[in-house]
Amino acid sequence: MLQKDAQRLSLLLLLTPFLLWILLLVVLPQLGIVGISLREKVGPRQFTFGLANYLAFVQEPIYWNTLLRTAVMSILVTFLALLVGFPVAYYIAKIAPYRSQTALFLLCLVPLWVSDLVRAFGWIVLLRETGLISGALQAIGIIKGPIELLYNDATVVVGLVYTVVLFMIVPLVSTLNGMDNSLLEAGHNLGGSRITVFRRIVVPYAMPGIVAGCIIVFMMTAGSYLTPILLGGKNSMWFTEQIYDQFITRYNWESGATFGVLLLAFTSFVVWLGLRLTGQKLATTVAKD
Amino acid sequence: MTKPGLKYFLASALGATFLIGTASAQAETLRLLTWGSYAPEKVIELFEKKYPDIKVQVTFSNNEEMIAKLRATGGAGYDVAQPSHDRISAVQKEYGIYKPMDLSKINTGVMAPNLLDAVKANTTIDGGVYAVPHHWGTSGIMVDKTKAPNAKGWADLCDPQYKGRTSMRLRRTILLGTAFSLGKDPFAAYANLGEYQKILDEVTAKLIACKSNIKAYWNSGDDLSALMLSGEVVVSETWDSTAYKLAGQNSNILYVPPSTGALTWIDTFALPKKGEADAAAYKWINFVLQPEIVTLMSAKSGSMAAVKGAIDLLPDDKKAAAKAAFTDKDLANLKFFANIPPGIEDMEGKALERIKAASN
Amino acid sequence: MYDLQCENLTKRFGAFTAVDGVSLEIPGGSFFSILGPSGCGKTTLMRMIAGFEDPSSGDIKIKGRSVLGSPPNKRNVKMVFQHLALFPMMNVGENIAYGLRCRGASKADITRKVGAVLERIGLPDVAQKQIHQLSGGQKQRIAIARCMVLEPDVLLLDEPLGALDLKLRERMKIELKLLQHQFDTTFLYITHDQSEALVMSDHVAVMNAGKFEQIGTPQELYHNPRTAFVAGFVGDSNRWHGKVNRISNGEAEIVTSGGDTIVANCGASALSPGDSAEIFVRPDCIAFGGVRRETQNTLTGTVDSLLFNGANSRALVRIDSRELIEVAINGVDRSSPIKPGDPAHLNWAFADTQCFPAKER
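Protein chains in written order, with the numbering used here: chain A, 63 to 351; chain B, 1294 to 1653; chain C, 580 to 940.
None of these hints come from the bench; they were simulated from the model. This one's a predicted model, so the numbers in the text were calculated from it and none came from an experiment. The C-beta atom is built at its ideal place from N, Cα and C for all residues, glycine as well. A few of these clues could be false.
Unchecked claim - Quick list of simulated restraints, FRET-style, between CB atoms: (1) A:Ser162 <-> C:Lys790: 31 to 37 Å; (2) A:Asp242 <-> C:Thr874: 54 to 60 Å; (3) C:Lys746 <-> A:Asp242: 24 to 30 Å.
To be verified - Cut-off 25 Å, straight-line C-alpha distance, at most; resulting in silico cross-link-like pairs (DMTMM-like, lysine to aspartate or glutamate): (4) B:Lys1491 <-> A:Asp178; (5) C:Lys692 <-> A:Glu247; (6) A:Lys156 <-> C:Asp633; (7) A:Lys296 <-> B:Glu1358; (8) A:Lys296 <-> B:Asp1515; (9) B:Lys1438 <-> B:Asp1621; (10) C:Lys642 <-> A:Glu247; (11) B:Lys1643 <-> A:Glu122; (12) B:Lys1477 <-> B:Asp1494; (13) A:Lys296 <-> B:Glu1357; (14) A:Lys103 <-> B:Glu1357; (15) C:Lys938 <-> C:Asp839; (16) B:Lys1362 <-> A:Asp307; (17) A:Lys296 <-> B:Asp1494; (18) A:Lys103 <-> B:Glu1358; (19) B:Lys1362 <-> A:Glu247; (20) A:Lys156 <-> C:Glu738.
All chains should be built: construct the whole structure from the sequences, respecting the hints.
Structure representation (structure tokens):
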């Protein structure tokens, strides 16, 4: 009995820093944000409690259109990141010689060695009208005049996929690494074609990694700021930009907080929906077996 | 617990590093919250040499973020802030983040009297003066004279002959500039929000229609420089200082004060309410208003200090560009940003959102 | 008609030859084992038969038809993997139905066949269970059922008992043999454990360094090993080194390094006087007793210690030339107990003494 108490105490002590971190840096600020979002401004330094900020969001199509747009594009980015990341992860985990796995993995990390800002400027140098790609295409005669590859939604999507694909690859590699090759061979041996084995064995096996990767990538994308702003065009709205504008240029913390809460709620909802549709549970993704 | 007591308690709680930190911080620290070009390393070096017991810490920011930062802390964390003159009064009434200044501690004698008076008029609340001028400059348009020789006003950004070759910053300046180009006086309408909304609606419609003419909205001076130097854009909204800088790299690039008047801002010195080093702050203000320091700083910022004879204190290349840009008539036609009354930011923000969201 | 034939099968990985000119023929419905130490090439051989590796030369025929051009999923050869490779994301029923679904069988067909095969392996109620809910033995049977439901021409088993604990392994040996009878399908079983091979198989091929040393029934391998390797690898043996003194009528008189003279049946071994030779004698061929007959080797010594293991008990005897010899004793019989320290007279027939040319050292 005494020993059990001691164990419980040591567990509690071990968890304390983590719990404090979660409480002080995650939970409390979130509660603060929720609190501010429920504040209605009635005059200078005068507030009452109410839902007016949420009402304002619902009544302004620009806001919820931007939120929907952000969500749709984030889903697209997630999907593309999965499409790009899966073969890479599969190659690293299953095909590449064991010794080069680490090197390949590090290679995937290279984009993270520079800041978001520098990466975005890299894309700008490449893609602008007078940039490298436009120039190269003209030099080899594929196009006559310069073309503008920057300032549109496709560029934003490409830039975002590039930024987040690593976060898709990491969980995929770690799940696929755990897959015994004999499962694949058994799948073939029992009569499955390559496609069947991929569909019925590899994908279901990797599902926890796929789901984890998709959740991370979706949340990161929906919450990204610099890439959509710097690469986006005249019409490219991103919801985080709205939040920034509310907080910073309009001094409207109440509305900004409301948007923050809505972004969190909405992305959580999309993740929940995704889990429901694919029949996965968050628990199985986070704690495998 | 007394204040040093608390300090020692924290020091022992947080460990030796913190202790060392407090020990070496015996020298006073001056924390500046300012724009990118108002604290060149050279100037800081000279200042610290003159006042060896003061260490300068700089945080770079812009108008909006300065206010957001100070608002978040209730005016703590910095000893000097440098917002523009039109962003002080309403913010101070709303959030109370600054403290009144003691003008007797500042060499107001060296300041250009018209600018000093303008700032005083703008920032006096209940008899207290909350800011003094530092640098000033204008917003107008920048042109490549070989490709757009006739551009001379805000309306040229929307001229179809420059289709796909113009740029602007989607912030309040372009709203005001466009309003003037439509023959309105938005500053006069500040007093009547209904009137101002009408002007804003017209401006919004104009800028939405103009969207297809624009190549991209720029976000920072670096964006703008790249667009202009690469030749992708030939007419753009700009700060005069950015244009002067680019003129040094490409002599075809000119700053053009719009025919309706260049929009003029004055960046100021203000003291955050919970600043802890007022004496050092006053020392810094007086220090940077000295002629040789003004020249150093103008070389970096490209804008003029709010001191008498500032144009002659500009470095030579910028002096030429500035003198070429402004005629006496232009100087007489400067439109100083008027104090922003409460509510305006929200209205302008909505207008900007509508423009950005419009798919045209 | 053979279910499986390999003709001169060779597999090289770079300079290394894993399988070196192996030929075998397995008649329908038999239990055939390939026995060899790890690294002898038996797994490579099996992977070639399954289609996971392409042979460098030679041919593989199933039911008389070459399968060299067919990918693994088109060969009617199914495989039970070393760690079984049951699909963890499917339940038992889905695991068994997987192959049928790949074939495009109808739903009703699948349900019927899955039910039938589960019935046959004696686990009728586990279809809805998850893999991790099964015991080791049950998993084993499900892995076999998953293959057998497809009615393969040959079932390959790659040391499937290796992961089980000893008790269960003993039981599964018998069970596998029974299942093979029940399904009446050719099993090709790979193992490094000679007891598994001997107990279950109709025929055993002993493999070493990429080659077959000997193919035969377990009895043949045990009693008439044709090479020193087989004699040493299959079953337990006492082993001596010596020099051939004299040869007559297929019997060789050999002087061991300890100085004892032993007469051995050298059969077809190409030995001549003066050669070094290795001598093998099974512990269960040696008896205690004083009577010497013409056709027997005799040694004397002292019982050193006893290794009790029921019917498989052994005595360690230190003979006069200081070497230790294992002798089978009847541990169950309590009438004439042998004790450490007892004097021992050992004898065994010339015919039970195998000798082979010793490798040059």
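Keeping to a limit of 25 Å between CA atoms, is the pair of B:Lys1491 and A:Asp178 held or broken? Given pair B:Lys1491, A:Asp178 is violated - Cα atoms ~40 Å apart, limit 25 Å.
CA of A:Lys103 to CA of B:Glu1357, is that 25 Å or under? Given pair A:Lys103, B:Glu1357 holds - Cα atoms ~20 Å apart, limit 25 Å.
Hint consistency between B:Lys1643 and A:Glu122 [alpha-carbon to alpha-carbon, up to 25 Å]: 10 Å, holds
Under the criterion that the straight-line Cα-Cα distance not exceed 25 Å, is the pair B:Lys1477, B:Asp1494 satisfied? 12 Å, holds
Would the pair A:Lys156 and C:Asp633 pass a check requiring their Cα atoms to be no farther apart than 25 Å? Satisfied, since the Cα-Cα distance of roughly 20 Å is no more than 25 Å.
Decide if the proposed pair is consistent with the structure: A:Lys296 and B:Glu1357, CA atoms, cutoff 25 Å inclusive. Within the cut-off at roughly 22 Å; holds.
Given the hint that A:Lys296 pairs with B:Asp1515, does the C-alpha gap stay at or below 25 Å? 18 Å, holds
Between A:Ser162 and C:Lys790, does the beta-carbon spacing fit 31 to 37 Å? 35 Å, holds
Given the hint of 54 to 60 Å, check if A:Asp242 and C:Thr874 actually sit that far apart at their C-beta atoms. At 56 Å between Cβs, range holds.
Taking only the CA atoms, is the gap from A:Lys103 to B:Glu1358 under or equal to 25 Å? Roughly 21 Å separates the two Cα atoms, so the pair holds.
Is A:Lys296 close enough to B:Asp1494, meaning Cα to Cα at most 25 Å? 19 Å, holds
Pairwise beta carbon distance, C:Lys746 to A:Asp242, judged against the given window 24 to 30 Å: Holds - the Cβ-Cβ distance for C:Lys746 and A:Asp242, about 26 Å, lies within 24 to 30 Å.
Figure legend: structure checked against the earlier numbered hints; hints not met, in rising order: 4, 19.
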